[in-house]
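K.L.:
Residue numbers (my numbering): 1 to 297.
Here are the simulated lysine-lysine pairs, DSS-like style, with alpha carbons at most 25 Å apart:
id, residue 1, residue 2
1, K152, K207
2, K137, K152
3, K152, K276
4, K2, K137
5, K137, K17
6, K279, K152
7, K137, K114
8, K279, K207
9, K17, K2
10, K207, K276
11, K114, K152
What the hints contain is simulated information worked out from the structure, not anything from laboratory work.
All of these numbers come straight from a predicted model, not from anything done at the bench.
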Amino acid sequence: MKVLRTIAELRQELSLKRQAIRSNASVGLVPTMGYLHQGHASLMQAARQQSDIVVLSIFVNPIQFGPNEDFDSYPRDEDRDLETARSQGVDIVFIPSVEEMYPQATQTTVSVSKLTERLCGSSRPGHFDGVTTVVSKLFNIVQPQCAFFGMKDAQQVAVVQQMVNDLNMPVEIVPCPIVREEDGLALSSRNVYLSAEQRTQALVLSKALRAAQEAADSGVAINAADIRRILREQISTSPLAVIDYAEIQAFPSLEPLSDQEEVQGRDDLLIALAVKFGKTRLIDNIRLQKSEVLSHV
1 MKVLRTIAEL
11 RQELSLKRQA
21 IRSNASVGLV
31 PTMGYLHQGH
41 ASLMQAARQQ
51 SDIVVLSIFV
61 NPIQFGPNED
71 FDSYPRDEDR
81 DLETARSQGV
91 DIVFIPSVEE
101 MYPQATQTTV
111 SVSKLTERLC
121 GSSRPGHFDG
131 VTTVVSKLFN
141 IVQPQCAFFG
151 MKDAQQVAVV
161 QQMVNDLNMP
171 VEIVPCPIVR
181 EEDGLALSSR
191 NVYLSAEQRT
201 QALVLSKALR
211 AAQEAADSGV
221 AINAADIRRI
231 LREQISTSPL
241 AVIDYAEIQA
251 FPSLEPLSDQ
261 EEVQGRDDLL
271 IALAVKFGKT
281 RLIDNIRLQK
291 SEVLSHV
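Given the sequences, and given the hints that come with them, work out the whole structure.
P.N.:
Listed below in structure tokens is the structure:
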């Protein structure tokens, strides 16, 4: 496994690996901000299965953080990350510095409209411009055939897919399922911020999603307003939970549903949550489709 820190080194190593395998060897990219967990490991596993060469990027991207967000305190553990990457058979780990990725003040950004105005975009202005700009840079640097993203941030998946479609980027976006702890909490690098009590109360997220899912599958007529009410009632049982949003929208368009729209029988819906516990903002979601079922824990 090669650990590289400059764009020039990465491009050279990719060229050498392609020559050693074959000129059209496929490259799979797993873009991350590090502090890797089993959710990230599942992305690497998917990339390993589908690609000849697996590139993992670790870069805490400053331009996707707002002025009062946690860029400086975002958890970092390079040694542990490298062990995780090695255990998953990654070929190249790209760990650039901020100066390497942004050697001068950025005057060009990639911006996806409409999709970024809802959910996390409404409370984190500029966040998705930072995401799409750095992802497009990574696509240009690595030139992967496939890129692997976790569905925990379903909005990010939709936004990146829209960017790829609109700009005719020759890369397939591969969404991968959310990985959860045994008690249902979605894995996140930010979980480390939670106190013991906050960690316990954060289980209300998966419980709220499961309650909404069960209501949608109950056979009783239920509309979007009912789903939103169920989500908020469930989350309100946690005294420490502060709701940012609790929504049901079409996916991947992220078009909001009117209150009276029926949800039964549709497989294009996303139920999405963002909730703060103290200073820690957690997101979670579930697709309303038979292939994704939150089991009881």
